[in-house]
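**Student:** Work out the full structure, taking the sequences as your base and the hints as a guide.
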Amino acid sequence: MIATGNPDVKTARRPREGGRRFPLHWIGAFPFLLYVGLFLLLPTVIVIVGAFAGKDGPTLSNITELNQEFVLNAFVASLLVSTASAVVGAVAGALLAYAVATGNPRGVLRRVVTSACGVLAQFGGVTLAFAFIATIGSVGFVTLWLQDRGLNIYAHGVWLTELPGLVLVYTYFQIPLMVLVFLPALDGIRPQWREATESLGGGTWHYWRYVAGPLLAPAFLGATLLLFANAFSAYATAAALISQGNPIVPIAISNFLTSETGRANPGLAQALALGMVVIVAIVMTTYALLQRRTSRWLR
Amino acid sequence: MTRARRLRLRVFRTIVLVLGGAFFLVPIGAMFEFSTRGNHVGAPRTLDAWTTIVTYPDLLGAIRDSLGLAAITSVAMVVLLLPTMIWVRLRLPRLKRTIEFLCLLPLTIPAIVLVVGLSPVYRWMAINLVDTIFLLSFAYVILVLPFAYRALDAGLSAIDVKTLSEAARSLGAGWGTVMFRVIAPNMSSALLNACLLSVALVLGEFTFANLLSYLNLQVEIFQLGLANAGTSIAVSVASLMFAFILLVILAFFGRVRARVAPERAGLPFPGAAGGGLR
Amino acid sequence: MTTAVAAAGVGTATRGGVEVRLENLQRRYAGVTALDGLNLTMAPGELVALLGPSGCGKTTALRLVAGLEQADGGRVVVGGEDVTGQPTSKRDVGMVFQAYSLFPHMTAWQNVAFGLQMRKVDAGQRRRRAGEMLELVGLSGYADRFAHQLSGGQQQRVALARALAIQPKVLLLDEPLSALDAKVRARLRDEIRRVQLEIGITTLFVTHDQEEALAIADRVGVMHSGRIEQLGPPTVIYSRPATPFVAEFVGLTNRLPGVVQRGSVEVRGASIPLVQPAAADGPAVALVRPEAVTIASDGEAATGPLVGTVIATAFLGATSRVTVDLGDVTVLAQLPTSEATAYPAGTRVRLALRPDPVLIARDEAKAESA
Numbered sequence: 001m002i003a004t005g006n007p008d009v010k011t012a013r014r015p016r017e018g019g020r021r022f023p024l025h026w027i028g029a030f031p032f033l034l035y036v037g038l039f040l041l042l043p044t045v046i047v048i049v050g051a052f053a054g055k056d057g058p059t060l061s062n063i064t065e066l067n068q069e070f071v072l073n074a075f076v077a078s079l080l081v082s083t084a085s086a087v088v089g090a091v092a093g094a095l096l097a098y099a100v101a102t103g104n105p106r107g108v109l110r111r112v113v114t115s116a117c118g119v120l121a122q123f124g125g126v127t128l129a130f131a132f133i134a135t136i137g138s139v140g141f142v143t144l145w146l147q148d149r150g151l152n153i154y155a156h157g158v159w160l161t162e163l164p165g166l167v168l169v170y171t172y173f174q175i176p177l178m179v180l181v182f183l184p185a186l187d188g189i190r191p192q193w194r195e196a197t198e199s200l201g202g203g204t205w206h207y208w209r210y211v212a213g214p215l216l217a218p219a220f221l222g223a224t225l226l227l228f229a230n231a232f233s234a235y236a237t238a239a240a241l242i243s244q245g246n247p248i249v250p251i252a253i254s255n256f257l258t259s260e261t262g263r264a265n266p267g268l269a270q271a272l273a274l275g276m277v278v279i280v281a282i283v284m285t286t287y288a289l290l291q292r293r294t295s296r297w298l299r
Numbered sequence: 001m002t003r004a005r006r007l008r009l010r011v012f013r014t015i016v017l018v019l020g021g022a023f024f025l026v027p028i029g030a031m032f033e034f035s036t037r038g039n040h041v042g043a044p045r046t047l048d049a050w051t052t053i054v055t056y057p058d059l060l061g062a063i064r065d066s067l068g069l070a071a072i073t074s075v076a077m078v079v080l081l082l083p084t085m086i087w088v089r090l091r092l093p094r095l096k097r098t099i100e101f102l103c104l105l106p107l108t109i110p111a112i113v114l115v116v117g118l119s120p121v122y123r124w125m126a127i128n129l130v131d132t133i134f135l136l137s138f139a140y141v142i143l144v145l146p147f148a149y150r151a152l153d154a155g156l157s158a159i160d161v162k163t164l165s166e167a168a169r170s171l172g173a174g175w176g177t178v179m180f181r182v183i184a185p186n187m188s189s190a191l192l193n194a195c196l197l198s199v200a201l202v203l204g205e206f207t208f209a210n211l212l213s214y215l216n217l218q219v220e221i222f223q224l225g226l227a228n229a230g231t232s233i234a235v236s237v238a239s240l241m242f243a244f245i246l247l248v249i250l251a252f253f254g255r256v257r258a259r260v261a262p263e264r265a266g267l268p269f270p271g272a273a274g275g276g277l278r
Numbered sequence: 001m002t003t004a005v006a007a008a009g010v011g012t013a014t015r016g017g018v019e020v021r022l023e024n025l026q027r028r029y030a031g032v033t034a035l036d037g038l039n040l041t042m043a044p045g046e047l048v049a050l051l052g053p054s055g056c057g058k059t060t061a062l063r064l065v066a067g068l069e070q071a072d073g074g075r076v077v078v079g080g081e082d083v084t085g086q087p088t089s090k091r092d093v094g095m096v097f098q099a100y101s102l103f104p105h106m107t108a109w110q111n112v113a114f115g116l117q118m119r120k121v122d123a124g125q126r127r128r129r130a131g132e133m134l135e136l137v138g139l140s141g142y143a144d145r146f147a148h149q150l151s152g153g154q155q156q157r158v159a160l161a162r163a164l165a166i167q168p169k170v171l172l173l174d175e176p177l178s179a180l181d182a183k184v185r186a187r188l189r190d191e192i193r194r195v196q197l198e199i200g201i202t203t204l205f206v207t208h209d210q211e212e213a214l215a216i217a218d219r220v221g222v223m224h225s226g227r228i229e230q231l232g233p234p235t236v237i238y239s240r241p242a243t244p245f246v247a248e249f250v251g252l253t254n255r256l257p258g259v260v261q262r263g264s265v266e267v268r269g270a271s272i273p274l275v276q277p278a279a280a281d282g283p284a285v286a287l288v289r290p291e292a293v294t295i296a297s298d299g300e301a302a303t304g305p306l307v308g309t310v311i312a313t314a315f316l317g318a319t320s321r322v323t324v325d326l327g328d329v330t331v332l333a334q335l336p337t338s339e340a341t342a343y344p345a346g347t348r349v350r351l352a353l354r355p356d357p358v359l360i361a362r363d364e365a366k367a368e369s370a
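Chains as they are written, first to last, in the numbering used here: chain P, 1 to 299; chain X, 1 to 278; chain B, 1 to 370.
FYI, nobody ran anything at the bench for these hints, they're computed from the structure.
Using N, Cα and C, we set each Cβ at its ideal position, and we do this for glycine too.
Heads up, some of the hints might be wrong.
What the hints assert, rightly or not - Each pair of labels, with its calculated beta carbon distance range:
no.: 1; chain 1: B; residue 1: R128; chain 2: X; residue 2: L9; range: 24 to 30 Å
no.: 2; chain 1: X; residue 1: N186; chain 2: B; residue 2: T303; range: 54 to 60 Å
no.: 3; chain 1: X; residue 1: F23; chain 2: B; residue 2: E132; range: 28 to 34 Å
no.: 4; chain 1: X; residue 1: D131; chain 2: P; residue 2: N73; range: 33 to 39 Å
no.: 5; chain 1: X; residue 1: N186; chain 2: B; residue 2: R240; range: 53 to 59 Å
no.: 6; chain 1: P; residue 1: R292; chain 2: B; residue 2: D144; range: 56 to 62 Å
no.: 7; chain 1: B; residue 1: Q167; chain 2: P; residue 2: R209; range: 41 to 47 Å
no.: 8; chain 1: X; residue 1: L9; chain 2: B; residue 2: T41; range: 33 to 39 Å
no.: 9; chain 1: P; residue 1: P164; chain 2: X; residue 2: A43; range: 27 to 33 Å
no.: 10; chain 1: P; residue 1: R292; chain 2: X; residue 2: L9; range: 30 to 36 Å
no.: 11; chain 1: B; residue 1: V32; chain 2: X; residue 2: R3; range: 14 to 20 Å
**Tutor:** Below you can see the structure in the form of C-alpha cells.
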C-alpha cells in the first residue's frame with residue numbers, strides 16, 4: 001500500500017495514468033490475488049494439467065481410463081441423482097417460494113422462512129445423512145411408526161443407502177436453496193401486470209400462460225440448473241450415507257484420491273475431476289446467461 | 001383480487017407451508033428422538049447419548065479444533081478480503097469485476113475437485129511447514145469467499161466508502177485507521193454476517209477434512225457414527241442447533257438496511273455448488 | 001402556465017361513449033373507511049378528474065370501477081349495466097397504471113395487441129390494429145421496442161394504446177403522469193386529452209396534481225376522506241370553491257385571521273362579504289386568493305394593518321407572485337408582471353383586498369392537508 005504521509009493526490013486525480021509510472025496502487029490487490037492464485041487457481045490448474053499428465057509426460061491415458069463401465073455408471077448415476085433432486089427441489093421449492101412471496105413482505109412468516117432456508121440450504125453432509133437415518137433409516141422414527149401401522153417401506157431392500165435415498169436426502173437442501181434463488185424473481189413480478197392482464201380481459205390461466213409464465217421461466221430454469229450443479233458437486237452427504245462402491249462421481253474421486261483402499265490413482269481422480277469441472281462449467285454458464293435475462297425483466 | 005381467489009390462495013399457502021414445515025422439521029425431531037432412546041426396545045428415554053459426549057476425547061478435541069478453525073478462518077477472511085475490497089473500491093475500480101469473479105468462482109468449482117488439486121499443495125505444506133489441522137484454514141478461506149464477499153459487498157455498498165475515507169485521510173488518518181476505525185465500524189452488521197457465515201460453513205465442512213485426513217468435527221461425527229450412533233446423532237443435533245442459532249442471529253440482527261433486498265444481503269449466496277458441506 | 005386544451009364539448013363521440021354511474025360506493029378495510037358513499041355520474045364521452053390528496057379515496061374509487069377491488073356497498077353501472085359483481089376480466093375497461101405496467105418480455109406492439117390476443121383476434125388483424133393504436137399515440141416507429149428501451153413518457157403512451165386497443169367502454173387512468181418528469185407530464189397530459197376527445201370515450205382520471213386536473217378535465221371532483229367535496233367544471237372549482245378544503249387544495253390561498261360579523265368578515269381593517277352569509281359570528285380565517293390581493297405603494301411612511309414589505313417576487317411568465325410580509329402574517333399577491341416589477345424586494349407597500357365573496361375556515365379546520 002502507498003506510504004502514508006504523502007497524500008496520494010496524484011493517483012487520486014489521474015485514475016487512468018496509463019503506464020507512465022508503475023501504478024503502485026495495484027500492490028494493494030496483490031495479497032488477495034496471490035492467495036487466490038495459490039489456493040484456488042493453482043489447484044484448478046493442477047487438476048486440469050494432471051488429468052493429462054502421465055508418468056512420462058502428457059498423455060491421454062487418464063482420459064481414456066474414463067471409458068470404463070464403472071466410471072460411466074458413476075457419471076450416469078450422478079446425472080440422474082442431480083437431475084431428479086434438482087427437478088423435485090425446483091418444483092417444490094417454487095411452490096414454497098410462491099407461498100411465501102404472496103404473503104406480507106415484512107411479516108414474521110417471511111423472515112422466519114427465509115432465515116430457515118438460509119440455514120437449511122447449508123445443512124448437509126454428515127449431519128443431514130444422520131438426520132435421515134434417524135428418520136427413515138432401518139430403525140428410524142418414521143420407519144418404526146409406519147411399521148407399527150403395518151407398512152414396511154423397506155420390503156424390497158433398504159433404499160435409503162442407495163441412489164433413491166440420496167435423491168430424497170438431497171431435496172432437503174435443494175428446496176431451501178430453490179426458495180432463496182427463486183424468491184427474488186417472484187418479488188420482481190409486479191402486481192400491475194396481473195391487474196393489466198385482467199383489465200385486458202385475461203383470466204388466471206391467460207396470466208400464467210402469457211405473462212407470469214414466460215417472465216419466470218428463465219429464472220426457474222436457471223434456478224433448476226443451479227440446483228443441478230449443487231447436487232452434482234455434493235460429496236459429504238453421499239459419503240456419509242453410502243458405505244461402499246463408486247455410486248457417484250464425487251465418491252469415485254475420493255476413492256481414487258486416498259490410498260486407503262490401496263487403489264490410489266491420482267491421475268484417474270484428476271481425470272474424473274476434470275469431467276466434473278466441464279459439466280459444472282457448462283451448467284453454470286447457462287445459468288449465468290439466463291440470469292442476465294431475468295435481471296433485466298424482473299428488476 | 002376477488003374474494004374467491006383470495007380464499008383459494010390462502011388455502012394453497014396453508015397447505016404448502018404446513019407440508020413444508022413438516023418435511024423440514026420431522027428429520028430434526030427424529031434426531032432428537034433418536035438421541036434420547038434407551039438401550040433396548042421399550043426402554044425409557046435417556047440422555048445417555050448426550051452425556052457420553054464428554055467421554056470421547058477425540059470428539060472434544062474435534063470440537064475444539066473446529067471452533068479454532070472457525071475463528072482462524074473468520075479472522076483470515078476479514079484480513080484478506082476487507083482491505084482488498086476497500087482498496088479496490090477506492091483505487092482500482094476496474095479490478096472490481098475480476099475480484100467478484102474470483103470470489104464467486106469457488107461456487108462453481110466443486111469442493112471435491114478443489115481437494116484433488118489441493119492435496120499435492122497440502123502434502124507439500126505438511127512436509128515443509130508444520131502438519132496441523134489448522135492448515136485447513138487456507139482452504140476454508142477460499143470456500144468462504146463467495147458468502148463473505150457478498151456480505152461485505154452489501155455492507156460496503158450501503159456506506160459511501162470514498163467520501164468517508166477521503167474525509168478521514170484529509171484529517172490525517174493513516175490507512176489502518178481508515179479501515180479499522182472509520183469504515184469497519186460502519187459496516188459492523190455486514191462484518192458480523194460474513195463472520196457468522198464463515199463459522200457456519202467451517203463447522204459443517206466435511207469434504208476437505210476427510211480427504212486431507214484431518215479430524216475435524218464433521219469427520220469425527222462420521223467416525224463416531226460407526227461406533228455409537230446415538231452419541232454421534234446427539235452431537236449432530238448440537239452442532240445443528242449451534243449453526244441455527246448463529247444464522248438466526250445473522251438474519252435478525254445482521255440485516256443491511258439500505259438498497260439491498262434482505263435475501264441478498266446476508267444470507268448465503270444462492271449457488272453453494274462448491275461448499276464442502278455436501 | 002397551463003395550456004388548457006379546449007374541450008370541443010362533451011360528446012363529440014366519434015365512436016360513442018357510455019354513461020358511467022357510481023352509486024353510493026362504500027369501501028372499508030382494516031378499520032379505515034376509504035369510500036364513504038361516493039356518488040358520481042359521468043356523461044358519455046366525458047373526462048372526469050378525481051382530484052385529492054393521498055388517502056382521499058380517489059384511487060379506490062377507480063379500482064372499484066375497474067373491478068380490481070370489491071365494494072362493500074353501492075353499485076357501479078356502466079352503460080346501463082350493473083357491473084358491481086363482475087370480475088375485471090369481464091368488465092371491458094381500459095386501464096392505465098401509474099408505472100411499470102408494460103409487460104417487459106413483450107415488444108410495444110405485442111403489449112398493445114395483448115388485449116386483442118385475449119379476445120382471440122387473429123394475428124394479422126392484431127398487428128394491424130396495434131399499428132393503428134401506436135400511430136394514434138404517436139409511436140409508430142417504436143413498435144418493436146421493449147419497455148426498457150422506451151422512456152417513461154413513451155411507456156405510458158404505449159400503455160394508453162394498449163388500454164384503448166380493445167375498444168373499452170370506459171378509460172381509467174390511475175395517476176398516469178405522476179412518475180414522469182415535469183416537462184413530459186405537461187406534453188403527455190395534452191396527448192391523453194387529445195386522444196380521449198378523438199375517440200370520445202368516457203374517462204376517469206385520478207390525480208393529486210391540481211394543474212393536471214384543471215387543465216384537461218370536463219369536470220373535476222375534489223375528494224377528501226372518501227367523499228366528493230365539490231364536483232364541477234374546472235373554472236367553477238377554482239373560482240367558486242364550495243368548501244375550505246377545496247379552496248385550499250385547489251390553487252393558492254391566503255389564510256387571513258379575522259372576525260365574522262353579520263354576513264361579512266372583518267380582515268385587517270377591510271370588510272369582505274362571505275360566500276355563505278349565514279355563517280355564525282365569531283373569529284374565523286378568511287381564505288383569500290392571491291388574485292384578489294392588489295398592491296399600491298404609499299412610500300416609507302405608510303402604516304396600517306395591510307401595510308408591509310415585499311420579501312420576494314416569483315416570476316411566472318405573464319403574471320408574478322409577490323410575497324409581502326405584514327409582520328405577523330405573509331400574504332401572496334398575484335399581479336400582472338408589468339405591475340409587479342414596480343415593487344422590488346424591500347419596497348414598503350399597502351395591500352388592498354378585492355371585495356369578492358370569500359370562504360372562511362374556523363381554526364379547527366386547519367388540520368386539512370393541502
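**Student:** Taking the hints in turn, state whether each one holds.
**Tutor:** Hint check:
no., hint, in the structure
1, R128(B) - L9(X): 24 to 30 Å, "violated, 38 Å"
2, N186(X) - T303(B): 54 to 60 Å, "holds, 58 Å"
3, F23(X) - E132(B): 28 to 34 Å, "violated, 54 Å"
4, D131(X) - N73(P): 33 to 39 Å, "holds, 37 Å"
5, N186(X) - R240(B): 53 to 59 Å, "holds, 57 Å"
6, R292(P) - D144(B): 56 to 62 Å, "violated, 20 Å"
7, Q167(B) - R209(P): 41 to 47 Å, "violated, 23 Å"
8, L9(X) - T41(B): 33 to 39 Å, "holds, 36 Å"
9, P164(P) - A43(X): 27 to 33 Å, "holds, 32 Å"
10, R292(P) - L9(X): 30 to 36 Å, "holds, 31 Å"
11, V32(B) - R3(X): 14 to 20 Å, "holds, 19 Å"
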